[in-house]
Every structure is written in structure tokens, then in C-alpha cells.
Amino acid sequence: MRNYADIRTYEELTASLNDLQREIGRKESMLASRYEDAKAFYSPSNMAAMIARQVMSSIDWVAIALKAVRKLKSALEEKKD
Numbered sequence: 002m003r004n005y006a007d008i009r010t011y012e013e014l015t016a017s018l019n020d021l022q023r024e025i026g027r028k029e030s031m032l033a034s035r036y037e038d039a040k041a042f043y044s045p046s047n048m049a050a051m052i053a054r055q056v057m058s059s060i061d062w063v064a065i066a067l068k069a070v071r072k073l074k075s076a077l078e079e080k081k082d
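Numbering-wise, this note's numbering comes out as the position in the sequence shown, counting from 1, plus 1.
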């Protein structure tokens, strides 16, 4: 960071302004990139996928599968008799 109180000549002022403009441009590019990343992350399809993953992870699939196997087993045993 430059100490702007030490600027004494027009050339130093011009160099400082150029440095500031480059820094502003770099930060604008970085901010635009972050905005695009956030926009892509929070897209409708990505949000739906995140919700689906959350719902799917909260369902007890083992219990559902166990109930299905027990029902199938009892149905097969009834057919046998």
C-alpha cells in the first residue's frame, strides 16, 4: 500500500492512480468471479438437488427395506401354505 501523503510530483500521482486503477480492476474481476460462483451454486437445479440429498439422507432406508423384506417373506410363506 502506498502512502499517498508522500506524493510530491505529477509522475508519482500518475503512477499512484494507475496502481489504484489496476487494483480496482483486479478486485472487480475477483468480485465478479465470486458472484458467478455463488449464482451457479444457488441455481434452481442445484437447490433441488441439495434438498433431495437432505431428504434422502433423513429417511431410514434400512427400516423400509427390512419391512419390505418381511412383507415379501410373509407373502411367500402364505403362498406356500
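Careful: at least some of the hints might be erroneous.
With a Cα cut of at most 27 Å, we get these calculated BS3-like pairs of lysine-lysine [unchecked claim]:
| # | residue 1 | residue 2 |
| --- | --- | --- |
| 1 | Lys28 | Lys40 |
| 2 | Lys80 | Lys68 |
| 3 | Lys81 | Lys68 |
In short, the hints are calculated from the structure, not lab data.
Cross-check of the supplied hints:
1. This hinted pair checks out: Lys28 and Lys40 have alpha carbons roughly 18 Å apart, not beyond 27 Å.
2. At roughly 18 Å between alpha-carbon atoms, Lys80 and Lys68 fall within 27 Å of each other, so this suggested pair holds.
3. The suggested pairing of Lys81 with Lys68 holds, with an alpha-carbon distance near 20 Å, which does not exceed 27 Å.
Of the numbered hints listed earlier, not one is contradicted by the structure.
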